[in-house]
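Listed below are the residues making up each chain.
Protein chains: 2
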Amino acid sequence: MVSSDTFDTALNVQEGIEQPTQVNPFLQKKRKKELSVADYVNGITGGDRVILSRAITLIESVKPAHQVIAQEVIEKCLPYSGHSVRIGITGVPGVGKSTFIESFGTHITAQGKQLAVLAIDPSSERSKGSILGDKTRMEQLSANPRAFIRPSPSGLTLGGVARKTRESIILCEAAGFDVIIVETVGVGQSETAVNSMVDFFLLLMLAGAGDELQGIKRGIMEMADALVINKADGDNVRPSELAKTRYQSALRLFPKQENGWEVPVTTCSAIENHAIDKVWQIICDFEKETKNNGFFDRNRNEQHVKIFYDWIDFTLKNNFFNKLEIQNKIDQLLPLILSGSITPYQAGNQVFALNDN
Amino acid sequence: MVSSDTFDTALNVQEGIEQPTQVNPFLQKKRKKELSVADYVNGITGGDRVILSRAITLIESVKPAHQVIAQEVIEKCLPYSGHSVRIGITGVPGVGKSTFIESFGTHITAQGKQLAVLAIDPSSERSKGSILGDKTRMEQLSANPRAFIRPSPSGLTLGGVARKTRESIILCEAAGFDVIIVETVGVGQSETAVNSMVDFFLLLMLAGAGDELQGIKRGIMEMADALVINKADGDNVRPSELAKTRYQSALRLFPKQENGWEVPVTTCSAIENHAIDKVWQIICDFEKETKNNGFFDRNRNEQHVKIFYDWIDFTLKNNFFNKLEIQNKIDQLLPLILSGSITPYQAGNQVFALNDN
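Chains as they are written, first to last, in my numbering: chain A, 71 to 427; chain F, 71 to 427.
Worth flagging that the hints you see were computed from the coordinates, not collected in a lab. Any given hint might turn out to be false.
Because identical chains share one entry, a pair is satisfied inside a single copy or across any pair of copies.
Calculated cross-link-like contacts (lysine to aspartate or glutamate; reagent style DMTMM-like; alpha-carbon spacing at most 25 Å) [claimed, not checked]:
1. K399 with D383
2. K183 with E342
3. K234 with D380
4. K399 with E372
5. K387 with E372
6. K183 with D355
7. K393 with E372
A quick note: this is a predicted structure, and the numbers were derived from the prediction, not measured.
Bound-form chain A, shown alone (with noise of 0.2 Å):
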């Protein structure tokens, strides 16, 4: 019910979708209606996912127009949102993200709780294609009622997918999402940015893996607030307690986090469901403590000083591009950069000119 909606694409809410084959396809085109801001406030707040999903769609989209009703969406979900758990998940490529989520997600939702999984995962500059777009991944939580699954928006850099990513969190929180997992597909910066919009960032480890790879030497183990060593199964067991160990040691030298928490180092099984319960039990325990010390809510707060830039970023760039004097000089410059007959710093000079005027 919910996979064949979460992998709408801006395309098919613009051009409709495939009618059966036995009439002329040319004429089975059909548009889908639009919606209003009310239609989708109302379909969101009232939990309807496919709502959700054109919603999400039209934060992804490019046009300036989709961007000015996304925008007042979110404004008037803002607040009906904010009464989930964000668990952010990471790890290096090959520690089994997928498999963990989707085991995770399938104990989580048996304790009743709705699930919206979300991934950040900026695009190849090249290929411009999404790495979850080549296969089919978390087939049974696909099709779990309780679970929705988006995958990241394609073509897009680190800071556009986390700004959407988190405009994202607002929509599915208002949508009565009641645990929310942002999944890091690349490696590299996108953890930071995950980090920034989650109450809880858990990373998982492989026993026996480079310490630099698993992003040990990178700061990425300074931002856990779990160490999770997967795979922990067959003759992986006693090799994965061992890093755990180690994991446990290596803490120790890290100064101790701000909201008092202790780091926990477990290890788990997501192919043989072993263990998930206690990955669960510890993001419990965390949210209640840090609710009762004011951490929790402390560092939301903190995480929306960084909306608050990020959209100031966005909309001083949005209002600047959308100038038809700043396009026009722009369409002029851009042939004499290309051409080698003005440096890049001339032509901006000109641009800024033009603003000043």
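Following the hints, position chain F against chain A.
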């Protein structure tokens, strides 16, 4: 001679450098003489590396006054720039980047070339530290009078590091360097940033490491102008040759590069200094071929379009956030966001309402 100054920081430029300790150290702090734009430009174009180093520090400074001078220095150096081959080098941690650059750089300088090595290393959010800071790398090259090694500025986002590295390239070229290596230390998005500022992009690989980790699925292989399998020594010679054949087949599946260049795959051992000359020969061939068919200059001009947009982005934000009334409004709004009494979007709207008046 160079090495002591390459680790110059904004701090010691501002605060003066330490003097011998026999006198009261508080009286010892002596400010370096402030340089004028002309001092910088003359120093750089005259090949003075101490001044070059100080100019790069200026570029990295966040102080508005420094940025104004830096911008003038860059614009004045621009006419003297452009006469180098810019090489991007990437590969997963553990591939032996430092050892490769040490060996490769020594080979290049032995041909009488002047070499500058710059690094792109966006810092982790919490530690704010550069990975390069914690170990001395490339000792031999650091002591080589024909080489100049500059670590990445720390405490910056990827966008910031990329912009500053682009500007540092201009200064290094104006200072007469023939070859500029830009090394990515991070993994992930940095490769795209580096690719957008170099003529030739070299991907270092290892036999036997996972394809996914090596960036094959993340579009990095598609950006490469050569694949070099390092550590082809000892028992690893045969696996490296096999990997070479495998990558050659894989490359045939990719669309041909628009410049007509056929991406070569080669093996080498940086630690044994073996076949490093072949890598340099590949780059010389590439330069010759793409200069003949016009791609070399066209590619640089296309990169200028990127610099143009980066510069607009930077200037736009700089102009906005340096307005006193905007600063005051933000100072007034931040506590309200942090206490949760206003949403980030409402706060953003208030800032722009002010700007529109």
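Now the hints, each set against the structure:
1. Within a single copy, K399 and D383 get their C-alpha atoms as close as 22 Å, and across copies as close as 16 Å, so both meet the 25 Å cut-off.
2. With identical chains, the CA atoms of K183 and E342 are at most 25 Å apart within one copy only, with a shortest distance of 22 Å there and 58 Å across copies.
3. Proximity of K234 to D380 under the C-alpha cut-off of 25 Å is found in both arrangements, the shortest distances being 11 Å within a copy and 21 Å between copies.
4. Proximity of K399 and E372 under a CA criterion of 25 Å is satisfied inter-copy only: 18 Å between copies versus 39 Å inside one chain copy.
5. Taking identical chains as interchangeable, the C-alpha atoms of K387 and E372 lie at most 25 Å apart whether they share a chain (24 Å) or sit on different chains (21 Å).
6. In this assembly of identical chains, the alpha carbons of K183 and D355 lie at most 25 Å apart only when taken from the same copy (17 Å versus 61 Å across copies).
7. With identical chains, the CA atoms of K393 and E372 are at most 25 Å apart between copies only, with a shortest distance of 24 Å across copies and 33 Å within one.
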